[in-house]
Amino acid sequence: MIELVSSLMMVAGIGFYLAGSIGLLRLPDLYSRLHALTKADNLGLGLLAAGLALHSQDVFIALKLLLVWLAVLAASAASAHLIARHAHRKEAGS
Amino acid sequence: MNATSLLVFDGLLLISIVSLAWAALASPDARRSVILFMAFGLVLAVAWGRLLAPNVALAEAAIGAGLSGALLLVAVGEQSKHTPHDGAVPVGKRNALRVRATLQWFITLLCAALAATLAWALLHALDSATNERLAQAVSENLAASGVSNPVTAILLNFRAHDTLLELAVLLTAALGILAIGTARPDYQRAGPVFDGLARWLVPVLILTAGYLLWVGAHAPGGAFQAGATLAAAAVVLRLAGKRIIGLPQAGTLRVILAAGAGMFLVVGLTLLLLGRPFLGYPPAWAGSLILLIESAAMLAIAATLVVAFLGGRSPAAASNDENNRC
Amino acid sequence: MPELLSLAVGGLILSLFLGLLRVLHGPEAGDRMLATQLIGTAGVGLLLLLSASLEQQALVDVALILALLAAVAAAAFTAQQRNARDD
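Chains as they are written, first to last, in our numbering: chain A, 1 to 94; chain B, 1001 to 1326; chain C, 2001 to 2087.
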């Protein structure tokens, strides 16, 4: 049962990753790409980490995976903002 | 993972690494090259992980992806301010371009020769009998080394002399950087988002550095990875425009820079005085001595990387020196 | 389960490849930096999956460092120096 839930979460996670990457290629400009990428990737990683945590069945590893996901979440949110603001400033300056 | 999927994975990783490296070297714009180099470092870290070399993967992730990228970006940023933007190429510059082309061919040939040598060494190693391999020798002597991570045992015990010399090289590099001049200009004060990022990123990086140092005795980690992570914390502080809070002033900084090689020497000479060979740790004390040396080395490595990022003496230190000179 | 892990790794490396296309194509520096962030996040995912399938717990530590340092890289890309000329 746990294996099934874990597998489903991992598959869903990969699906979100792929959706984000396709968005990266297909969307028209930097800002929409950033938007798609950050949200989809973080959710994908979260589902992947949750699936792996269930698969490992070890509290310590699960906590580490949670820490990794939280770090990526906070870091990529800030990075996306910084990149967008940098691009906007460059556009406005030229 | 079964063998075929692993093979496909390896192949795709290899294609990514080679194409990123090629694009980074072939790109005309320096900033673009640096960003491609950062991406290259990230994929390379995954490759080291797949090759079951977590120590190297940690070092690659810390130094190759983040820190080298930051250092190169700062260096490239300065360079673009100095290159002239006119179209005409003066005679002196034409000669310089010719020299540069020759140099590029020379370096390419050197790299090819190095790659061929490494390939030969790898094939030779794969052919050799199990009892001739380094791994066998290390695992036989691991119990006496004081740590249970074989990489740390090699770096800090079996080949401690090499690490001492590496730290001396780092110290020399730091001296060179300090001698060049004063630090690069400060950064603008961070906006609220970057400030918020720095507020949690810096403590987490410092904690992770301490964790890597401690865990290096029995799991992948160690002084180099910890030092690079600590340097990343200081780099984030500087990028956020804050005065280097906590980075020590000139005198203490010099002591810290010298501490890596210095602690090695102190331990080694003390052991000599006690009648043991230079850096021949007594097995009962080996673990503690290794931790002591690694702590000093972590601080020294971090300080060297931060000095490299700063680009020279900080202005406060420079004015101090001038006051002392007269 | 191992087949699922292989499939997941395949999906992630496909993601990484798509990001690679963007990082090589551009056209702006921001696009490349953005794709580098994707490569970083996909790398973190790959390392987590490898840690499960190759049974190496240390790779989770590597994933953590990768995540933190990718943020440092983005910060280095965007920080402006004082008195910097607009170029």
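Don't take every hint at face value.
To be verified - No farther apart than 25 Å at their CA atoms in a straight line, the calculated lysine to aspartate or glutamate pairs in the DMTMM-like style are these:
id: 1; chain 1: A; residue 1: Lys90; chain 2: B; residue 2: Asp1186
id: 2; chain 1: B; residue 1: Lys1093; chain 2: B; residue 2: Asp1029
id: 3; chain 1: B; residue 1: Lys1242; chain 2: B; residue 2: Asp1186
id: 4; chain 1: A; residue 1: Lys90; chain 2: B; residue 2: Asp1195
id: 5; chain 1: A; residue 1: Lys39; chain 2: B; residue 2: Asp1029
id: 6; chain 1: B; residue 1: Lys1242; chain 2: B; residue 2: Glu1166
id: 7; chain 1: A; residue 1: Lys90; chain 2: C; residue 2: Glu2055
id: 8; chain 1: A; residue 1: Lys90; chain 2: A; residue 2: Glu3
id: 9; chain 1: A; residue 1: Lys39; chain 2: A; residue 2: Asp29
id: 10; chain 1: A; residue 1: Lys90; chain 2: B; residue 2: Asp1029
id: 11; chain 1: A; residue 1: Lys39; chain 2: C; residue 2: Glu2055
Treat the hints as calculated values from the structure; they're not laboratory data.
We went through each hint and held it up to the structure:
1. The hinted pair formed by Lys90 of chain A and Asp1186 of chain B meets the criterion: a straight-line CA distance of about 20 Å does not exceed 25 Å.
2. Using a Cα cut-off of 25 Å, the hinted pair Lys1093 of chain B and Asp1029 of chain B holds, with the two alpha carbons roughly 19 Å apart.
3. Between the alpha carbons of Lys1242 of chain B and Asp1186 of chain B the distance comes to roughly 9 Å, so the proposed pair stays at or under 25 Å and holds.
4. At roughly 21 Å between alpha-carbon atoms, Lys90 of chain A and Asp1195 of chain B fall within 25 Å of each other, so this suggested pair holds.
5. The straight-line distance between the Cα atoms of Lys39 of chain A and Asp1029 of chain B is roughly 30 Å, outside the 25 Å bound, and the hint therefore fails.
6. Between Lys1242 of chain B and Glu1166 of chain B, the direct Cα distance comes to roughly 32 Å. Violation of the 25 Å bound is thereby established for this hinted pair.
7. Restraint check for Lys90 of chain A and Glu2055 of chain C: the C-alpha separation of about 46 Å exceeds 25 Å, so the hint is violated.
8. A C-alpha spacing of about 49 Å is found between Lys90 of chain A and Glu3 of chain A, which places the hinted pair above 25 Å, so the restraint is violated.
9. Taken as a hint, the Lys39 of chain A and Asp29 of chain A pair is honoured in the structure, with Cα atoms around 16 Å apart against an allowance of 25 Å.
10. At roughly 17 Å between alpha-carbon atoms, Lys90 of chain A and Asp1029 of chain B fall within 25 Å of each other, so this suggested pair holds.
11. For the proposed pair Lys39 of chain A and Glu2055 of chain C, the alpha carbon gap of about 29 Å is over 25 Å, so the pair is violated.
Comparing the model with each earlier hint shows violations of hints 5, 6, 7, 8, 11; every other hint is respected.
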